[in-house]
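Now for the letters of each chain:
2 protein chains.
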Amino acid sequence: MNNELFEEIINNINKNNGLTKKTSERLVNNLIIDKFALDNFSKQLNFIKDNFSICPICNYYQIKNECLICSDETRNQNVICVVASQLDVNNIEKINKYKGLYHVLGSEINLNKKRSPSEINFESLLSRIEKNTELILALNATFEGELTTNYIYQLTKNMNINITRIAKGIPMGGSLDYMDETTLESAFKNRKKYEV
Amino acid sequence: MNNELFEEIINNINKNNGLTKKTSERLVNNLIIDKFALDNFSKQLNFIKDNFSICPICNYYQIKNECLICSDETRNQNVICVVASQLDVNNIEKINKYKGLYHVLGSEINLNKKRSPSEINFESLLSRIEKNTELILALNATFEGELTTNYIYQLTKNMNINITRIAKGIPMGGSLDYMDETTLESAFKNRKKYEV
Numbered sequence: 038m039n040n041e042l043f044e045e046i047i048n049n050i051n052k053n054n055g056l057t058k059k060t061s062e063r064l065v066n067n068l069i070i071d072k073f074a075l076d077n078f079s080k081q082l083n084f085i086k087d088n089f090s091i092c093p094i095c096n097y098y099q100i101k102n103e104c105l106i107c108s109d110e111t112r113n114q115n116v117i118c119v120v121a122s123q124l125d126v127n128n129i130e131k132i133n134k135y136k137g138l139y140h141v142l143g144s145e146i147n148l149n150k151k152r153s154p155s156e157i158n159f160e161s162l163l164s165r166i167e168k169n170t171e172l173i174l175a176l177n178a179t180f181e182g183e184l185t186t187n188y189i190y191q192l193t194k195n196m197n198i199n200i201t202r203i204a205k206g207i208p209m210g211g212s213l214d215y216m217d218e219t220t221l222e223s224a225f226k227n228r229k230k231y232e233v
Numbered sequence: 038m039n040n041e042l043f044e045e046i047i048n049n050i051n052k053n054n055g056l057t058k059k060t061s062e063r064l065v066n067n068l069i070i071d072k073f074a075l076d077n078f079s080k081q082l083n084f085i086k087d088n089f090s091i092c093p094i095c096n097y098y099q100i101k102n103e104c105l106i107c108s109d110e111t112r113n114q115n116v117i118c119v120v121a122s123q124l125d126v127n128n129i130e131k132i133n134k135y136k137g138l139y140h141v142l143g144s145e146i147n148l149n150k151k152r153s154p155s156e157i158n159f160e161s162l163l164s165r166i167e168k169n170t171e172l173i174l175a176l177n178a179t180f181e182g183e184l185t186t187n188y189i190y191q192l193t194k195n196m197n198i199n200i201t202r203i204a205k206g207i208p209m210g211g212s213l214d215y216m217d218e219t220t221l222e223s224a225f226k227n228r229k230k231y232e233v
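Protein chains in written order, with this note's numbering: chain R, 38 to 233; chain U, 38 to 233.
Be aware that a few hints might be false.
In this list, chains with the same sequence are indistinguishable; a pair is considered to hold if it fits within one copy or across any two.
Quick list of in silico lysine-lysine cross-link-like pairs, DSSO-like style, CA-CA up to 30 Å [claimed, not checked]:
hint, residue 1, residue 2
1, K101, K205
2, K205, K134
3, K58, K134
4, K150, K194
5, K58, K205
6, K150, K80
7, K72, K59
Hint data in this document are derived by calculation from the structure and do not stem from the laboratory.
Here the structure is a predicted model, which means the values were calculated and not measured.
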């Protein structure tokens, strides 16, 4: 059966982050059998194209060339939270507690994927640091995240600024007997005085 | 933060079959940060729109108004395999053994989702049946699949045609001690003479 065209579309769609081959196949099938879904999807893509861009300062989303974070003057301009991806900003914003700025690296140092420090634009982060800046490092608790956290620390430790990192410990709902040793060790090391 | 636009796009994209909220979020993020990916996705959608449609006979994909299955004259025109979705055809075609035609129902009878028999176009299936047709019922091994299989059997049993259904049993790689009782029962009931 001459189904190469279908396979080709799936392979093209599948190049997007977060889509598995199976998800792409179901999505493409849905777009073929449902013209309304196809038109709606096209509309969303055009909307993104016309309205969204990336903030040249923090790398988060801009809508109509206005950054959703940087343009908010009520935010504390002296605190910069460094994250790997825009998705991390979305997740932190959901807790609605953090009121500083962000810096999205776009990627962490990953030697397996050939992402060396030189591939990541640390310069733009350094250029934002002033003498009263607090830097909160909120990278992933993975090998790559640790590597990148450490790299940024080395770059900035002599700048005489306040550098913190988010706590590592037992996640909410976590059972102690299922926790890996590194998490458990961090949780003990970072223990805090019990307060009611 | 005024992030409703982002949420709205995700909710719109998320309406597609097979996409979870998380997958949609990652996909939309990717399309925002990568203009090349966005253009490529648009191109795929336009390609689908310009080339793909649904065969009025079997409901499978047509490319340039020619059904990939029905237009193939080397296929056995007397055998019709009834499946729930176009994705099932794709999967059966991968084994490259079945050389008959298909009939895609588009959905199974599902009373929870308010899909009663009257919502499914069984008429078009019945209109294809001739006196020497073999009908292979290949619906899902779920409650809905069983219901639909039985419904089609009731519709066609007096037509004096050959009706078969695909075997139910232990899937390849399956461990007996993890198998549910219904599967095990089917596997015993459908046992076959051992042949080398």
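Could you tell me which of the numbered hints above are not met by this structure, giving the numbers in increasing order?
1
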